[in-house]
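Protein sequences, first through last, are from chains A and B. Under my numbering, the letters of the first sequence match residues 1 to 334, in that order. Under my numbering, the letters of the second sequence match residues 1 to 334, in that order.
No lab work stands behind these hints: they were computed from the structure. Since this is a predicted model, take the numbers as computed values, not measurements. Check before you lean on any hint, since a few could be wrong.
[Claimed, not checked] From the structure, some residues in chain B lie toward chain A, with a derived Cβ separation under 10 Å:
1. Leu-23
2. Lys-34
3. Val-65
4. Ile-79
5. Ser-107
6. Arg-116
7. Tyr-151
8. Ile-154
9. Gln-155
10. Met-156
11. Leu-283
12. Ser-287
Positions of the beta carbon are idealized from the N, C-alpha and C atoms, including for glycine.
Number of protein chains: 2
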Amino acid sequence: MGITIKQIAADLNLAVSTVSKALGDSYEISAETKARVFEYATKMDYKPNPYASSLKRGRSGNIAVVLPEVSDSFFSSAIDGIEKVAQEKGYHVMVYLTHEDVSREASIIREFRHGRVDGVLMSVSAGEKKPDHLQDLSASDIPVVFFDRVYEEIQMTNVVTNDFESGYLAAKHLLSKKCKRLAFLSLEGNLEIISHRQKGFEKALSESGIEGREHSIIVLGNDEQENLKKLASKFKSKTRPDGVVGSVEKVAMQVYSTCHALKLSIPKDVKVIAFSHLAIASLLNPSLTTITQPAFDMGKMAATLLFKSLDKKGMKPETIVLKSELIERDSTRM
Amino acid sequence: MGITIKQIAADLNLAVSTVSKALGDSYEISAETKARVFEYATKMDYKPNPYASSLKRGRSGNIAVVLPEVSDSFFSSAIDGIEKVAQEKGYHVMVYLTHEDVSREASIIREFRHGRVDGVLMSVSAGEKKPDHLQDLSASDIPVVFFDRVYEEIQMTNVVTNDFESGYLAAKHLLSKKCKRLAFLSLEGNLEIISHRQKGFEKALSESGIEGREHSIIVLGNDEQENLKKLASKFKSKTRPDGVVGSVEKVAMQVYSTCHALKLSIPKDVKVIAFSHLAIASLLNPSLTTITQPAFDMGKMAATLLFKSLDKKGMKPETIVLKSELIERDSTRM
């Protein structure tokens, strides 16, 4: 084992906190002192202890939140929950948007290795999985908590909702409203939350005994115009769904636009239920039946776990499951 | 004048870029080299030229966006515009939320003085103005561009929309729909954009010759429940407005909620027009007539001005005015 911060401090006749801050490139330390500490640490082959480095390193006082987007109301509420906790702890929150671009996500994460942030809260982007950067991040000494969109192949600390059950309940809800041809609106890119929701949907259908070919999975992407084209063609066809589960908020809004454009009535012609955290769901035409995730609480929980790990060092992989709520409104009225 | 980076590089037999990065604490440079450079720079009394420091300093590669919130669709679109430009330039965008809290805004900005970011894009928070931190920021060597919510008492680079004219046109629109008792829904905290919108509104009323006491200014705050109480009491009174201009998106949604709760019909009983960038304005019940600001373009323009100044150093105070668009929908139908 190499030299410790304590030894460096003793040898250079500096306070331990000064050495720690100097090694963390803190602006509180003069360039001269930094130079002395850097030089001596290099000479003595100082290596930070990865399991306690966040305590020994001068902290940046920042935590990063990495998200696909902020226009989805789930994410803006989750940020509010995260900020509530961070502010109490005196930390700054920096928000980074990936726009569902995995290479952008990787490049953002690469920056985190150099002390820019003390911890990361993350909801992974859809899109082709090249999980190397997530593996690197989880192997680094920066604590990370995933929320909502997690990556199950790596053992991490996760905060999720009961997605399978919610997908199941959404389909059951439509079946109870006498829907005969259900569609699940999926999102391309192999997100695990979407696949859990879809599996719950499929379980409800197989239990219902209705023939599988009456139902459909419609995979939508990031391009709104393309999605609207795909939906219009599906909703003009003879196999038009009479009940739709939107796996995320924006696809539900695209179904609304499509039905408005084609003069199809929601809920008479098509019933719609969607995973959505939209504050104004009740003001839509018609008001939207939602599976509402506890977004604010998820953000709070994820941030709380992160700070617990920052305070105590080390983090045990665990998955916290919070419950979503089905709120019935006019879009699934019989 | 002290020693230059070029001289340091020559004296230490290093590349100029290496010295520059070392002085900027870049992670690309080894601790050993940093130590050599720091030590020599200190010894030779190197002082960065404040007017060109962003060129000489190792850049952080970050720009900060300081906003009140992301749940307003104006801001989420503006972020998209900013990110488009930043990505082309190879910069990271970090989003900081003030939640309309001026002291929080001040504390965020204080962090920027230490090289954490190369430039700042900002929309100021409402609330009691203590503009010291804005003055400090504008006097610093960090380029700043304000957009939408600017602070006119300081000469800065601003990107705004034609708020006075839009407030005027919004009131004219309601008058043309035979509204007799107009209300302007203002936001507490002395934001200049709100006061411009209100002045435009008042000009249209004074031109119309309708008596002033038929009209009202309702000042709303940040607490949704308080706002709903205030609106309910106003909409239950004998002087209920029959036409409303919402100065921001959320107050318009609160009018919708109030009318739904009181079983007042929009547009029959109350016509509503609002400053809003909501993508789903057309899906509301009823669809909302909006003054739509070019949020994405404002973000793009603000970021473009910021990078222009980063490339060329120095920034001239100027105000760019982009035009908003009135989009008529069902909420003001006669």
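Against the structure, the hints:
Below 10 Å, beta-carbon pairs count as interface contacts, and B:Leu-23 has one with chain A at about 8 Å; its hint therefore holds. Of the supplied interface hints, the one on B:Lys-34 holds, with its beta-carbon coming within about 6 Å of a beta-carbon of chain A, less than 10 Å. Residue-level restraint check for B:Val-65 holds (minimum Cβ-Cβ distance to chain A is 9 Å; threshold 10 Å). Hint status for B:Ile-79 relative to chain A: holds, with the closest Cβ pair at about 6 Å, below 10 Å.
This hint holds: B:Ser-107 has a C-beta 8 Å from the nearest C-beta of chain A, less than the 10 Å allowed. Among the interface hints, the one on B:Arg-116 holds; its C-beta lies about 8 Å from the nearest C-beta in chain A, closer than the 10 Å criterion. Hint on B:Tyr-151 is violated. Least Cβ distance to chain A is approximately 22 Å, over the 10 Å limit. Given the 10 Å rule on beta carbons, the hint for B:Ile-154 is violated: about 24 Å separates it from the nearest Cβ of chain A.
Annotation: B:Gln-155 was flagged as interfacial toward chain A, and the flag is violated, the nearest CB pair being 28 Å apart, outside 10 Å. The beta carbon of B:Met-156 comes no nearer than 23 Å to any beta carbon in chain A, farther than 10 Å, and the hint placing it at the interface is violated. For B:Leu-283, the shortest C-beta to C-beta distance to chain A is roughly 5 Å, which falls under 10 Å, so the interface hint holds. Among the interface hints, the one on B:Ser-287 holds; its C-beta lies about 7 Å from the nearest C-beta in chain A, closer than the 10 Å criterion.
Of the hints listed earlier, those the structure fails to meet are numbers 7, 8, 9, 10, in rising order.
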